[in-house]
Amino acid sequence: MTLFLLKRLGHMAIVLIGVTLVVFALIQLVPGDPVRLAMGTRFDPDVYAALRAASGLDRPLVEQYFSYLGNALTGNLGVSFRSGDPVTLLLLARLPATLSLAIASLVVAGLISFPLGIHSALNRGKFSDVVVRVISQFGVSVPDFWMGIILILVFSTTLGWLPPSGYVAITENPWEWFRRVLLPAITVGTASGAIMTRYIRSSVLESLGSDHARTARSKGLPERIVMSRHILRNALVPVITVGGVQLAGLLGGVVVVEVVFAWPGLGRLVYDSVAARDYPVIQGAVLLIAVLFLFINLIVDIVYAKVDPRIALS
Amino acid sequence: MTTTNVSTTAAFGVDDLSVRIGSAQILNGVTWSVERGETLGIVGESGSGKSMTVLSATGLVPRPPAVVTGRALLGQPDGSQSDLLTMTAAQLRAVRGRRLGYVFQDPSTSLNPLLTVERQLTEGLEYHLKMRPAEASKRAVELLEMVGIPDPARRVKNYPHELSGGMRQRVMIAIALSCDPEVLIADEPTTALDVTIQAQIVDIVRSLQQRLGTAVIWISHDLGVVGGLADRIVVLYGGQVVEQADVETLFEQRSHPYTQGLFAARPTLGRTGNELVTISGSPPDPRELPPGCVFYDRCELRLDDRCRTERPPLVELGPEHWVRSFCATPERQEATA
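Respectively, the protein sequence lines represent chains W and S. Residue numbers are given in our numbering: position 235 of the first sequence equals residue 707, and the series is strictly consecutive. Residue numbers are given in our numbering: position 91 of the second sequence equals residue 391, and the series is strictly consecutive.
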């Protein structure tokens, strides 16, 4: 177990170095000079040179990269061009909003996908299976911003049940947080839930027709035990992977929904920073999202090995 | 008499069993039975309905879509026979695993990969025999020992993937015999195993059968395996019994052209250098069975009009030797042997 963890952390480090290289290189490839852009109309050659020297932009690229890497390792991701705040603090301030939305969305996705996917598989070919498949197709296809706007129109503007947007920290007021997270979580969770529904359906179908399910039936066990111990359990193990991928995706990829619901998360920060060419923030956010992604993958692998004895951790 | 019957003393048997799934006639009036302590071999090629005859008879083929008719008779302790096909799902569950044990073809997929050997053995004991967990665990070790697994106390804690193919099949046999069933259904239990392991599995089943007096139904496409094991053999083709006899009779006086083809197709030591004999053609499509003899298309002895248009009945050639063919007279066999 310890060996496995060390090995995996080693792999993660290599991937992260790759990510920093790509992020660093991408920023260099983008046309436009950030210092010049930040100065705008107040351009002065002396100030420009001084600023470039202060931010290290006049040094060779390799040197710039290594100083960036060294700083990143110590938690210093630079300073925002736009606000002058340390990037690390900006990111940390946004993390709770993103995390709480991602987890709420995953819960919604789970509440949708498990009952629907299992029901659909057990009633394959019947009317309710067709209905579930149509709904999940719909869920996969509908653009999330449209879904978000429709939900706001129905539940806030028309019915007035929920606030249309905004964020309250869960630590501050859990009820208000819940009222505000509901619509964005449904918006995001529906799409993830639709994908997971299809996955769970096919996984349960496969398990239903498996040889070991036949063995369980040949033992004369009650259907309840055959289902829970032999069919669903085996079918849901691979769903852990899909759930992990969905969660990782939710952490970095809900930019549009965060904008629609004025949700101050990482996605929103990236969106604003791209618009403002705030490179240090973009770099830092991408790096943080990559770290989160790798971390979730690691957890998924550990959980997977715990429930499936065929996967050895060492 | 133009048809066989399930004997009144049989441990298990099917009587005029037919299975239809959609437009496919998978089985057509199959009758066989196995006595206590006897081994019945069921042979035939893929798609002949071998597995279907036991699976459909014991409720392991979902109905619908399958339409199963006929009777599946299980001998009761009082000497009567009850029909599994008229039982409720709950009654069937009380029979499966308890009075009928199953061993399937591929032990690498037939065992649940997420459960220990112990759990897979104890769940039946706890459910059918109402054993307490500790008692069932103890019994699980004994069962592993019974099927010849070394170090059973340690092996019982293993997961299937930690065992070799032969060991897994022994575990399957232990599971099948765990509740001391009257009938063991072995559905191609050696097909997925190495030849040396095959022999071990055959030996284990044979010795356990002698000890426990279990009736065994051994399904195989391999005449060599079945010949060394069975007391009687049923040859299935196209969902019908085409020949049935005790093993000596079948080996010495095989009469159906298909059975003869199966024997001719067996690879033999010492006959090196020759091409392997095959039965040309392929089995009939169960959705479009020919109106006459099901073997007509591939038969080398066919008599044109009658075999094509008229379905041959099962005829008793000798004592307890039944054949379904117009071409299967002993004379004809001698002429072509």
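To be clear, the hints were calculated from the coordinates, so they are not data collected in a lab. There's no promise every hint is true.
[Said to hold, decoys possible] To spell it out: a stretch of chain W is covered by chain S in this simulated footprint if at least three of its residues, at any positions, have a beta carbon under 8 Å from a beta carbon of chain S; those stretches are: (1) 542 to 555; (2) 576 to 584; (3) 675 to 689; (4) 696 to 703.
Positions of the beta carbon are idealized from the N, C-alpha and C atoms, including for glycine.
Going through the hints against the structure:
1. With a cut-off of 8 Å between beta carbons, the segment 542 to 555 of chain W has 0 residues touching chain S; three or more are needed, and the interface restraint is violated.
2. Counting residues of the segment 576 to 584 of chain W whose CB falls under 8 Å from any CB of chain S gives 0; the rule of at least 3 is not met.
3. Residues of the segment 675 to 689 of chain W with a Cβ under 8 Å from some Cβ of chain S number 7, which satisfies the need for three, so the listed coverage holds.
4. A count of 3 residues in the segment 696 to 703 of chain W with a Cβ less than 8 Å from any Cβ of chain S is obtained; the coverage claim is therefore met, three being the minimum.
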